[in-house]
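S.K.: The residues making up each chain are set out below.
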Amino acid sequence: MIATIFWELRRRRTALIWWTIGSILMTVTILALFPSIQDKAAQMNQVINQLPEGIREMKAGGVGSVDVGDPAQFLNSQLFYITLPMIWIILAITRGAAILGREEQDGTLEMLLARPISRSQLLLAKLAELIIEMLIVSLASAALVVALAPHFELSGLSASYLLLTTVLTALFSLSFGMIAFVLQAASSLTKRTATAAAVAIGFGGYILASLAPMTDWLQTPSKLVPYHYFEPLAILHGHVSTGLIIYLLDVFGLGIVLAVQGFRRRDLS
Amino acid sequence: MNGGIVTHNLSKAYPGAAEAALSKLNLQVKPGEVYGFLGANGAGKTTTVRLLLNFIQPSSGSAVVNGLDIVKDSVAVKRHVGYLAGDIALWPKVTGQQLFDYLMQLQGKDCTPYLKELVRKFEAEPQKKIGELSKGNRQKIGIIQALMHQPDVLIMDEPTSGLDPLKQEVFYKEVRAAAHRGAAVLVSSHNLAEAQRMCDRVGIIKHGRLIREQTIKDDEQLGAPVLRVVFRSAVPTLGKSVKVISKQGATAVVQAAGPLNTALAELAKHDIVSLTSEQVNLEEEFMEYYGDGA
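Chains as they are written, first to last, in the numbering used here: chain C, 16 to 284; chain U, 1029 to 1322.
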């Protein structure tokens, strides 16, 4: 299992470096905007708070009214609710669908499974590598957020809550990669179909959760999408919703069981 | 029999398919034996190989490899198996050596001395990235990874595809050496001439059914060269000493039905423009050779 994790990491190292650099650059750029935004916070708040509720939810990171001059609200709306999840969801879904799916499609999976390694072991090793990959990318950004926040006047935020928010944002993003991974591993879905399904759940869910406050009939279905339970602003203040914890435990716990059971029994394509 | 490969009514049917991909295959490859598994595309060779490696599940029947059930003991089976896929897929951005190192770790066995020997014999280039290698050189990497841990059972699909004749000879020798060591070798191939060169026994599969097995060395038919003969005019009626595989216009593909000199004497009675020996293609040959009633 360790051999497979290192094998994957070695093959992925260049891509991993670029994903980490991209994530860091995005993070630093957004943090660096805060001092200039803070000067114009009053005007910006006025503009944003006049937007229709659904649009404001999308812009403001799932909260009703916005104060972009507040460090926590700024980080919530500009970094944790949409920017980092968007980058990390793309990474997680593409990797989740491909980590076994591409090998199966290319035929290289057979070479691995011709060795004395069980399908479950291989699957868990690949999943572990995916989690490590996400951790590397997200912890690099987390370290920067914690280290640079005071330098960009983002004061009054707890370093541990910043770290927690970054890690939970990474896990939340990874959950969509997990969905793609499970769909591909447990069934005969192609890499592309698994990717499409996870994207629909991830980004479709984001749009649904954001538009729900505007439309009565969307409020009940919006409770079924993961984004409904993702509240970075609350996490920045040390409150993690039970819904998010249950969602993450379900996706990772149930996902592993389904992926292992499905992958063990099915024919390779 | 504890070693080797034994299948019992091994079958595979895919949902919605008109006919089974493999139907009640009863096959035995003994330790020390090189068995050629011959047939046209889609005949069921690759399905058999994939079943034995547990890449796909049997619909019915069973098989044991080295005394171990292919489904229940799948992981244990693979401690004893060396596998080469047809049209081998490798990771283009890693070197051959990195691949060997990884596969040795998965195998749980340090095979370095024999690996070095194989690299030398095949003149492989393990320090180059696989994506930079020619098809033949990639095939060498594939062959080496299958042989390097000196398995008790070798399962190889079209193993010499892309290899030059010199390296084909090296491969035949290595397979023969593995068999002498006691390995059971199952080689799936289109190529009758190669099977004849390498195998002790062949089985011919057609439409998912094993239609014939024979000891190759005793069979003169299988050993006879295939000749492409161009006559001055239309292909004449030939005597019984010459078996006509196919004919078109003035060209006939023939094989000696008995002693070669008798067949050549029969051909010499006619006005011949050219006569060349060619490698047998099963798809062409066996459909003609065994006919639909086989």
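Calculated directly from the structure, the hints in this document are not laboratory data.
Ideal placement from N, C-alpha and C gives every residue a C-beta, glycine not left out.
Be careful, since some hints might not be right.
Here are some chain U residues pointing at chain C (derived, C-beta under 10 Å) [claimed, not checked]: (1) 1078; (2) 1108; (3) 1118; (4) 1125; (5) 1134; (6) 1141; (7) 1174; (8) 1191; (9) 1293.
S.K.: Taking the hints in turn, state whether each one holds.
M.R.: Verification of the hints:
Look at residue 1078(U): its Cβ gets to within about 8 Å of chain C, closer than 10 Å, so that hint holds up. Proximity of residue 1108(U) to chain C holds as hinted, the smallest CB-CB distance being about 9 Å (cut-off 10 Å). Look at residue 1118(U): its Cβ gets to within about 7 Å of chain C, closer than 10 Å, so that hint holds up. With 10 Å as the threshold, the beta carbon of residue 1125(U) stays out of range of chain C, its nearest partner Cβ sitting at about 13 Å, so the hint is violated.
Hint on residue 1134(U) holds. Least Cβ distance to chain C is approximately 4 Å, under the 10 Å limit. Annotation: interface hint on residue 1141(U) violated; nearest CB of chain C at approximately 20 Å, more than 10 Å. Interface restraint check for residue 1174(U): the shortest CB-CB distance to chain C comes to about 8 Å, inside 10 Å, so the restraint holds. Interface hint at residue 1191(U): violated, since its Cβ lies 18 Å from the closest Cβ of chain C, which is beyond the 10 Å cut-off.
Of the supplied interface hints, the one on residue 1293(U) is violated, with its beta-carbon coming no nearer than about 50 Å to a beta-carbon of chain C, more than 10 Å.
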